[in-house]
Amino acid sequence: MEILVCMKQVPDDSVEIRLGKDGQPDLSQAESQGNAFDTYALEMAVRYIEANGGAVTVLTVGTEDDKACLRNSLSVGAAKVVLVEGSGTDAAGTAALLAGGIKKLEAENGAAFDMVFCGRESTDYIGGEVGEILAETLKRPFVTDVVEVEPADAKVVVKKELESGYLKVESPIPSVFTIAKPNYDPRYPSVKSKIAARRAKIPTVAQSELALEDGALNAKVSHKAFLEPPKREAGVLVKEADAATAVAKALEILAADKVL
Amino acid sequence: MATYNKLTPELIEQLKAAAPGHLYTGEDVNEDYSHDEMPIYGKQMPDALLMATSTEEIAAVMKICNDNLIPVTPRGAGTGLAGGCVPVLGGVVIDTTKMKKILSYDLENFTVTIQPGVLLQELADDCQRQGYLYPPDPGEKLATVGGNVSTNAGGMRAVKYGTTRDYVLAMKVVLPTGEITKFGAAVSKTSSGYSLLNLMIGSEGTLGIITELTLKIIPAPKKVISLVIPFEDLESAISTVPLIKKANLGPQALEFMEREIVLSSERYIGRSVFPQVIDGVTAGAYLLVTFDGEDEDELLDLVEKTSDLVLEQGALDVLVADSPAKIKDAWAARSSFLEAIEAETKLLDECDVVVPCNQIASFLTFAKQYGEECGLIIKSFGHAGDGNLHIYQCSNDLPEEEFKARVDKYFHTLYDHAVQCGGQVSGEHGIGRGKVKYLIESVGETNMALMEGIKKVFDPNMILNPGKVCYTL
Chain A
1 MEILVCMKQV
11 PDDSVEIRLG
21 KDGQPDLSQA
31 ESQGNAFDTY
41 ALEMAVRYIE
51 ANGGAVTVLT
61 VGTEDDKACL
71 RNSLSVGAAK
81 VVLVEGSGTD
91 AAGTAALLAG
101 GIKKLEAENG
111 AAFDMVFCGR
121 ESTDYIGGEV
131 GEILAETLKR
141 PFVTDVVEVE
151 PADAKVVVKK
161 ELESGYLKVE
171 SPIPSVFTIA
181 KPNYDPRYPS
191 VKSKIAARRA
201 KIPTVAQSEL
211 ALEDGALNAK
221 VSHKAFLEPP
231 KREAGVLVKE
241 ADAATAVAKA
251 LEILAADKVL
Chain B
1001 MATYNKLTPE
1011 LIEQLKAAAP
1021 GHLYTGEDVN
1031 EDYSHDEMPI
1041 YGKQMPDALL
1051 MATSTEEIAA
1061 VMKICNDNLI
1071 PVTPRGAGTG
1081 LAGGCVPVLG
1091 GVVIDTTKMK
1101 KILSYDLENF
1111 TVTIQPGVLL
1121 QELADDCQRQ
1131 GYLYPPDPGE
1141 KLATVGGNVS
1151 TNAGGMRAVK
1161 YGTTRDYVLA
1171 MKVVLPTGEI
1181 TKFGAAVSKT
1191 SSGYSLLNLM
1201 IGSEGTLGII
1211 TELTLKIIPA
1221 PKKVISLVIP
1231 FEDLESAIST
1241 VPLIKKANLG
1251 PQALEFMERE
1261 IVLSSERYIG
1271 RSVFPQVIDG
1281 VTAGAYLLVT
1291 FDGEDEDELL
1301 DLVEKTSDLV
1311 LEQGALDVLV
1321 ADSPAKIKDA
1331 WAARSSFLEA
1341 IEAETKLLDE
1351 CDVVVPCNQI
1361 ASFLTFAKQY
1371 GEECGLIIKS
1381 FGHAGDGNLH
1391 IYQCSNDLPE
1401 EEFKARVDKY
1411 FHTLYDHAVQ
1421 CGGQVSGEHG
1431 IGRGKVKYLI
1441 ESVGETNMAL
1451 MEGIKKVFDP
1461 NMILNPGKVC
1471 YTL
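Same order as they appear, the protein sequences are chains A and B. With the first letter of the first sequence counted as 1, position 159 gets the number 159 in my numbering; the numbers rise by one all the way through. In short: position in the second sequence from 1, add 1000, done, that's my numbering.
Do not take every clue at face value.
[Unchecked claim] Listing some non-contacts, in silico: residues in chain A with all C-beta distances to chain B over 12 Å:
(1) V15
(2) E31
(3) E136
(4) D153
(5) R187
(6) V191
(7) E209
(8) V221
(9) A248
(10) L254
[As the list claims (entries may be wrong)] Which bits of chain B does chain A cover? Going by a derived footprint, with three or more residues having C-beta under 8 Å, they are:
(11) 1265-1274
(12) 1357-1366
It should be emphasised that the hints constitute simulated quantities derived from the structure, not laboratory data. We treat Cβ as the ideally placed atom computed from N, Cα and C, and that holds for glycine.
Between the sequences and the hints, there should be enough to build the whole structure, so can you do that?
Quick look at the structure:
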């Protein structure tokens, strides 16, 4: 089984990001790391091939700086990593670059990847669109929010997370899945694998090497401005001698503010 | 024992006039003010609570209390573990959490001046936004910095950067008499008489109330990497610590933890971070090591050297937490130990004894064996790099009085053993109310008399935080 995992490098989502004077997010204090859902996807892929055989390839669209997340991928079980140089101006553009990279690798391999995993969303823009557009671009079966994959003859059975429960879905391969949080965490690299990954050469594919359709990278949508969320207003403390009076007072305030 | 008076309605009116709108009594005072995070040392509600907003307000209230022999207990966020902020004689509690402004930075002299109620997490985050690091890193991030100074809190980074004491340059203090004074200065060195500043640090609110602090900060390291190192047993883990230090690898943090407490913590946080079985061998203990530096290459060189060293000493593996998320997860498990123990334990007590680093393993073996003899469940973790051990005594089935009696017996023997090993009663939590008798046994009457004498110089009427640190009531 050959699995391709799409990995995006994002700013550390535990750091509070504010807008700078130029109106752009100030990322100076946020270290970069692999997108959390993509790291779940990689862990799921590595566990799958450890149990069933095969290899995992990780593909990233980006620049030289994004090679860090590919090195980290090598240290936790990826057999091969590739950087596609470029930057999608919107989700469709990113999906086009990923699809171009995947097709190039598949042409070199002489076979399609059995499964393509994408994190369900990235933790920076939280668009949740790239996986869907990629599946459509590759014209492959598609399941969202997958938390488990098991082999089933020439197919796979995936467990899909729903709002309140799970759904088991059988899918033919090759196929594309977006991955939600499984019930385990990504592994830590050992020092040995980390040092080996540090010395590895990361293959790079130039945008010009991809067979992209005309206009594939033209933005379909563009963002106009970043806006910070409104500041939370101070609450109102209702302080009365007994609960009944306090509730009556609270209802009075809610009614006055037309909440009720 | 000194003589004290009760608060009268007239005195309460005087206090209210001195702190308009900030003095509370009766049902307006939350039950939280009767204890810290170790209620087993006893609870007591104050008769009045001052939510202080300024040095002058504290000074005015202190003066009234001193003139009328009313006990006063200062309090930060109430996260202490030795009963230090419990108003054992009632009286007035002065809460400094509303004094939470970061007043100014002097980035040419690497200092920040703050009010005492700033939370450690707030200070750390604010410094980070400026590109600086306030190095002290006690586990409780919701403690106030004023509280940290009052206990000379240590934390995970003490092995490289030292404790809170090493970062306090100056402070404004309200003395028990109500006088306002300043100790120390924002300078790098001093040889200017007795260090009243250092007397205040670690005095647990018994000598004066800190109302402003000038602290040292350093340029923030650009990159951090943590290692999770499993070992078959604690002895093997601890035996590598002197070697890591001797090799001059300079870890920022060097923590040890045993299997049982790791499992408790992982159940508590709902994540499995530490490997349980490595090549068929069950991990019995772990080291969690952090390095900081200017770039990843520099750190990976240190990581490689450390890895070679510990693997040679029997480490089962060396795992790298190299992304912010992984570092956070590894340390989340470590930072949740107390909460995890609390969640699974009906009765608990703790000692944060400190021993020479090479005594850690044998001391813990003694602590566990003697715990079994006393019929107590013992869970432990701590700072392998500086010998500060957190040893918890737990029980889910003993009656409280029986538990307290067994713990008392356990503490007497354990602290005695610590002193014989060259250690001390508390590494970072302080003496508060809970550990005074063990301190007396540990340092002896001469030293206790000196401490009590110092207390009397600062506080002639003994009204500030009575019955704490250096004497019992």
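Verification of the hints:
For V15 (chain A), the non-interface assignment is contradicted: its Cβ lies about 8 Å from the closest Cβ of chain B, within the 12 Å cut-off. E31 (chain A), annotated as away from the interface, has a beta carbon of chain B within 12 Å; the closest lies near 5 Å. Every C-beta of chain B lies more than 12 Å from that of E136 (chain A), the closest at about 30 Å, which supports listing it as non-interface. Every beta carbon of chain B lies more than 12 Å from that of D153 (chain A), the smallest distance being close to 32 Å; the non-interface claim holds.
With a least CB separation of 8 Å from chain B, R187 (chain A) falls inside the 12 Å interface cut-off, contrary to its annotation. The non-interface label for V191 (chain A) is inconsistent with chain B: the shortest C-beta to C-beta separation is roughly 4 Å, within 12 Å. With a cut of 12 Å on Cβ distances, E209 (chain A) stays outside the contact zone with chain B, its closest approach being about 29 Å. Distance check for V221 (chain A) against chain B: the nearest CB is about 29 Å away, which clears 12 Å, and the non-interface claim stands.
For A248 (chain A), the condition that its CB be more than 12 Å from all CB atoms of chain B holds, with the nearest at approximately 20 Å. For L254 (chain A), the shortest C-beta to C-beta distance to chain B comes to about 25 Å, beyond the 12 Å cut-off, and the non-interface label holds. Figure legend: the segment 1265-1274 of chain B, annotated as covered by chain A; annotation consistent (3 residues with Cβ-Cβ distances under 8 Å, at least 3 required). Note: the segment 1357-1366 of chain B has 0 residues with beta-carbon separation from chain A under 8 Å; the three-residue rule is not met and the coverage is violated.
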